[in-house]
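**Q** Protein chains in written order, with the working numbering: chain A, 1 to 112; chain B, 1 to 111.
Read the hints as simulated data drawn from the structure, not as lab findings. Honestly, I wouldn't trust all of these hints.
Unchecked claim - Think about it this way: if two alpha-carbon atoms lie no more than 20 Å apart in a straight line, the pair counts; the simulated PhoX-like pairs of lysine-lysine are:
(1) A:LYS9 / B:LYS69
(2) B:LYS68 / B:LYS42
(3) B:LYS42 / B:LYS69
(4) A:LYS57 / B:LYS98
(5) A:LYS57 / A:LYS14
(6) A:LYS83 / A:LYS57
The lines below spell out each chain.
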Amino acid sequence: DGGITQSPKYLFRKEGQNVTLSCEQNLNHDAMYWYRQDPGQGLRLIYYSQIVNDFQKGDIAEGYSVSREKKESFPLTVTSAQKNPTAFYLCASAGEGTDTQYFGPGTRLTVL
Amino acid sequence: EDQVTQSPEALRLQEGESSSLNCSYTVSGLRGLFWYRQDPGKGPEFLFTLYSAGEEKEKERLKATLTKKESFLHITAPKPEDSATYLCAVTNSGGYQKVTFGTGTKLQVIP
């Protein structure tokens, strides 16, 4: 069964801690993305990667970091520098030559 | 800067009452327009991609259409299970696959 998995589903963090959100896909897609979703706002792009070992900042990259060491994996680290990290985080991927993005189930991060 | 505006923000329908959701867009060269369905607490589920004005796509009770300025998602004889937030998004003809999303229309279908 091809798809995108994200873990964990729920994550709680204390202020000042870094946390890493996992995103894995077995669709053989080259491009992967991280979005943040807040109530009443559209999805906002954090980082994207079009190929292994390469990634670019999106619209709201401050306080976040990523890596792309494998085609299947694109983990997102939310650092203590992110001022308002409580949100729903979505990972997506897209195949070569297409703009259609497919999303994972999301991770809800809450900072206590 | 690309912009996507969806209306209405929320829509309440009786089961069987057909209606349409609107997605108005401003983009520097439309490359693709996308519709997604999102259930509470879940990731968006892909529905349609439209590429050019006049194009139409259908899936069960849903039909998406595209003009040069807007797209409509028509829902025919909706059922309660169609209740969800419907998201519209666009990509432009620029260098990479940047997608601009609207804020969505929350649809509630009442039995």
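**Q** Check each numbered hint from earlier against the structure, then list the numbers of those it violates in ascending order.
**A** The structure breaks hints 1, 2, 3 and 5; every other hint is satisfied.
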